[in-house]
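Visitor: Make a model of the complete structure from these sequences and hints.
For what it's worth, numbering that gives the first Met the number 0 labels the leading residue of the sequence shown as 0, then goes sequentially.
The reader is advised that the hints may include incorrect statements.
[Claimed, not checked] Have a look at the derived ranges for each label pair, beta carbon to beta carbon:
id, residue 1, residue 2, range
1, P275, S224, 23 to 31 Å
2, K207, E103, 33 to 41 Å
3, K150, N259, 51 to 59 Å
4, R239, Q65, 40 to 48 Å
5, G196, S284, 29 to 37 Å
6, M82, M238, 37 to 45 Å
7, K150, T227, 42 to 50 Å
What the hints contain is simulated information worked out from the structure, not anything from laboratory work.
For glycine and all other residues, C-beta sits at the position ideal for the given N, C-alpha and C.
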Amino acid sequence: MSTADHKPMARGPLGQAVPRGPLGFARGAVTVAVLVVGGLLFQPAARPDRASAAGDPTPRSSFVVQVNRSRLTVRLQRIPLQMALTVIARKSGLALALEEPLAERVTVAFDDLPLDEGLRRLLGPRSYILSYAEAGPSEPVGVTKLVVLAKGRERLRAGEAPAVRFVVPTPQAMPAELDAARRREAVEELAASEEPGRHLNILLAVLKQDEDSDVREAALDALESLETFPLEPLAEVAMRDPQPSVRMRALELLGERGKNDRGVEAVLQRASTADPDDEVREAASSFLDSFNNEDR
0 MSTADHKPMA RGPLGQAVPR GPLGFARGAV TVAVLVVGGL LFQPAARPDR ASAAGDPTPR
60 SSFVVQVNRS RLTVRLQRIP LQMALTVIAR KSGLALALEE PLAERVTVAF DDLPLDEGLR
120 RLLGPRSYIL SYAEAGPSEP VGVTKLVVLA KGRERLRAGE APAVRFVVPT PQAMPAELDA
180 ARRREAVEEL AASEEPGRHL NILLAVLKQD EDSDVREAAL DALESLETFP LEPLAEVAMR
240 DPQPSVRMRA LELLGERGKN DRGVEAVLQR ASTADPDDEV REAASSFLDS FNNEDR
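Guide: Written out as structure tokens, the structure is:
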């Protein structure tokens with residue numbers, strides 16, 4: 000059965016229908032969004048941080064997050080909820096979006112729970128939306144996106160999409176659901192993360208798919224921060240991207256990272272003579288000269 004033929008309606012804890020569409024984003028997959036109101040689908044909750052029972056106003060913090068095959072283990076004490084969710088999203092590949100910053104801290108511990116159940120425990124009384132997708136008949140249903148709603152939000156009207164800012168995007172979420180300025184900001188945040196190499200596939204997807212040239216250039220800048228990355232996608236961009244500044248930036252990176260690679264030399268040579276833009280041809284000639292001089 001195709002996605003177009005199968006349009007499930009999830010039911011929230013109060014029985015209201017939650018439509019597919021703006022809340023789901025997986026292409027070529029069956030996607031269901033489930034609205035959880037006020038934490039009614041979970042027990043027990045993560046505790047908002049308070050001073051210890053002994054009267055110590057500054058109890059120690061602890062922070063352990065492990066994700067293994069869509070199962071979650073955490074040890075959190077006095078940790079900002081937004082920080083915990085951000086780490087979980089990055090480790091699990093989940094897209095995370097917020098209607099407002101999450102100021103509360105949480106204290107909670109559990110072992111080897113399914114990802115959605117662990118998120119329910121973490122989010123406590125917060126209202127939120129979980130999106131699930133099944134990529135195919137042989138693929139398990141998994142959580143793909145978490146949207147945390149603002150406090151006091153108890154429901155969405157039919158067809159309404161929450162006004163959110165993506166904290167941790169995915170290749171599917173970024174092009175469709177953020178404006179260009181926020182997509183660029185999201186790419187820059189990925190580059191500045193502790194392990195930017197974990198986001199290589201996202202950066203390559205943005206480079207190939209994003210319609211805004213500034214966002215694509217930001218993806219090239221982010222790739223430069225990685226120790227290694229494949230050169231083939233860069234060569235494709237250098238030859239085919241419609242924006243001259245993006246082609247020029249890709250050629251520059253190829254010249255820097257593709258030393259002793261004859262394929263890179265061929266791309267630089269072709270661009271220096273065949274690129275339709277004068278400035279790109281001139282830059283490619285310069286990159287080619289540097290490439291050949293360092294190759295000697």
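Visitor: Hints first: check each against the structure and report whether it holds.
Guide: Right, here's what the structure says about each hint:
no.	hint	result
1	P275 to S224: 23 to 31 Å	holds (30 Å)
2	K207 to E103: 33 to 41 Å	holds (38 Å)
3	K150 to N259: 51 to 59 Å	holds (57 Å)
4	R239 to Q65: 40 to 48 Å	holds (41 Å)
5	G196 to S284: 29 to 37 Å	holds (32 Å)
6	M82 to M238: 37 to 45 Å	holds (42 Å)
7	K150 to T227: 42 to 50 Å	holds (43 Å)
Every hint, counting from the list given before, is met by this structure.
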